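Colleague: Here is what each chain is made of, one letter per residue.
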Amino acid sequence: MLRYIASRLLIAAAMVLLATLIIFLIANTVPGDPVLTQLGDVAANNPAIVEAYRHKWGLDLPMWDRYWIFLQGLTHGDLGLSISSQRPVIEDIAQYAPATIELSTVAFLLSLLLGLPLGVLAAMKRDSWIDHVARFISLTGVSAPTFWLAFIMLAVFYGWLGWAPGPGQIGSDQFPPPEVTGFMLIDAPLAGQWDTFWDAIAHLVLPSIVLASSTMGLITRTTRAAMLEALSQDYIRVARAKGLLRRVIMLHHALPNALLPVVTLGGLAYAQLLTGTVLTETIFSWPGLGRYTFQSAVILDFPAIMGITLVVAIVYVIVNLVVDVSYAMLDPRVMRR
Amino acid sequence: MTPPASEFAMTDVAATALAASTTGAAAGRRKRWLRRYLLPALGGGVIIAWALAALLAPFLSPYAPDTVNVAGRLAEPDFAHWLGTDELGRDVLTRIIYGARTSLAVGFTVVLIGGAAGTLVGAVAAFTRGWTEEILMRATDLMFCFPPIILAMAIAAALGIGTRNTVIAMLVVWWPKFARLARSLVLGQRSLEYVAAARTIGFSPTHILFRQILPNAVGPLVVLITLDLGNAILVFAGLSFLGLGVIPPTPEWGSMVSEGRELVSQWWVATFPGLAILTVVIGFNFVGDGLRDWLDPHARRR
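Chain order of the listed sequences is B and L. Using my numbering, the first residue of the first sequence is number -11, and each one after it goes up by one. Using my numbering, the first residue of the second sequence is number 51, and each one after it goes up by one.
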């Protein structure tokens, strides 16, 4: 098992390196000129300023030298300076990541909590109205554009009904707690700011529902399909012949076996949530990685984009590894193979 | 001797009972059939309606999509403007109808070209095995390290804004899932007897791959293409919403939602374009989901 994990990690590290190389190549072969985007028209027309700017950010060096510098920095955890924030990219990422992790974790739990039971029910009552309602809900969830759903949610529950707070992580009347972990939901209670804590929870409701909608649909569909597959197996017929309760058959015989594909999908869905928050964060002014990514991409802040790509690739690799390991734990047959 | 009347009555009753039960079964079957195909049929109808709207756009609306009318800006929905007007006084319904052209064209372009490229990569990888497969599939794995929207965003931002560049950016991230699916499908087919038979007859490898194997493996690919059309439309609308898609004033649903996102009391500006996206994407998902159920032997057994 350990050897398996080690070899997987080695391959993963090679993949992550290749991923940075690809992003680097894209960054250096596309026609867009970051200098023009970042300096503005007046300064960009002055050759001396442009020259100084290029020199300062190393843009006058040959391409491979710059990649070599990036790799050298990487060996001691340095991802270079973000052009827009003038800070080390790694600091930017460390600052924005907790908000994104908080939001996507809540959204993931929400979609599991709703999607799993709905999928199991749909499979148990196949072709009944429950199945069709579940199909309708999950397909609508997958199909709704995130940015539009966010607009509707904000317009109805914040603008019209006033039930939910507006965009942002906490209200403007709240002071952010002193930073310990960076996670609002941990730092606020640590500082004894329970008002801030509940305010942060209230601010999480709308964005996490919006973010959860499509993941919930996917989980419902996958759970249903996996349950149906499990129910068609011989051991279910045996269990029926033994006269076991239908409930016992469903929950103790079929469900554990149906969970395997759901774990695979769940892992990937979580990784996608973590990285797919761009639209949700932009609309809800959520101070997370998604908004940071968007802002960096628009002004062609390539050190920042490369840093994010690296982090994202690492997240994907780790999630895949966790999925494989939990697979082996859920299904003893995987280990024996 | 005539049989007793009761016997007649009995056979009569039996006959009517039999007839009743068969019509009952037929009605039940029809009901189940209707339930199972209602959503896919609905989805198909929605897609056809949007395709027609896109084709016939100039005949459907008395307005042009980009006529600015500042005096009539932000008009509520009424009989002159069924879905109201936007900040520049342009008719929202007209812009939605014209927007269908962009969305459908982009969706089909991305999925058909990306799907064809991915299928080619996966099929060739599975058919040749060895080093070619190793290289092709590792490249595919590599693309999976990037979340599509972030890579597409970076590429679109770098190439410059515009529909063509956004489509190129989407194509770069679109093919890998087709490559994986096509590889597993071709791997499943290539050990079957008909492939060996085709080899014995002396067909060329290209002929076997493209004329024999791929047509047999096309079902799941068609399902993925259908489901993916909705997905591509969603991603493009998302990029447009962020300002990385079409160049204004081209009517496009994502950018229309973006233009109306601050106008909460003029809700119609952002709400209706979003509904348009929702209906088209739901349409493709209903059809794709129905196709998948229909092709899945497990699901059809009952």
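Certain hints may be false.
Unchecked claim - Computed footprint of chain B on chain L; a stretch qualifies when at least three of its residues, placed anywhere within it, have a C-beta under 8 Å from a C-beta of chain B:
hint, stretch
1, 105 to 114
2, 161 to 168
3, 255 to 264
4, 280 to 288
5, 291 to 302
Unchecked claim - From the derived model, a few chain L residues whose C-beta atoms are all more than 12 Å from chain B:
hint, residue
6, Gly93
7, Gly139
8, Leu186
9, Ala206
10, Arg240
11, Ala326
As the list claims (entries may be wrong) - A few chain L positions that, by computed beta-carbon distances, are all more than 12 Å from chain B:
hint, residue
12, Ala130
13, Ile200
14, Leu271
15, Leu277
16, Gly324
Honestly, the hints are just simulated from the structure, not real lab data. These numbers were taken from a predicted model, which means no experiment stands behind them. For glycine and all other residues, C-beta sits at the position ideal for the given N, C-alpha and C.
Colleague: Evaluate each hint against the coordinates.
Modeller: Comparing the hints with the structure gives:
1. 105 to 114: violated (count 0)
2. 161 to 168: As far as the stretch 161 to 168 of chain L goes, the hint is violated, because 0 residues have Cβ atoms under 8 Å from chain B.
3. 255 to 264: Our answer is that it is violated, as 0 residues pass the Cβ test (under 8 Å) against chain B, missing three.
4. 280 to 288: Holds, because 4 residues of the stretch 280 to 288 of chain L bring their Cβ atoms closer than 8 Å to Cβ atoms of chain B.
5. 291 to 302: As far as the stretch 291 to 302 of chain L goes, the hint holds, because 4 residues have Cβ atoms under 8 Å from chain B.
6. Gly93: 9 Å, violated
7. Gly139: The claim holds: L:Gly139 sits with its nearest Cβ about 21 Å from chain B, beyond 12 Å.
8. Leu186: Given a closest Cβ separation of 15 Å, the condition holds.
9. Ala206: 8 Å, violated
10. Arg240: Since the minimum Cβ distance to chain B is about 23 Å, L:Arg240 lies beyond 12 Å and the statement holds.
11. Ala326: Its Cβ does come within 12 Å of chain B, the nearest being 10 Å, so this is violated.
12. Ala130: 24 Å, holds
13. Ile200: 6 Å, violated
14. Leu271: 18 Å, holds
15. Leu277: 9 Å, violated
16. Gly324: The claim breaks: L:Gly324 does not keep its Cβ more than 12 Å from every Cβ of chain B (closest is about 3 Å).
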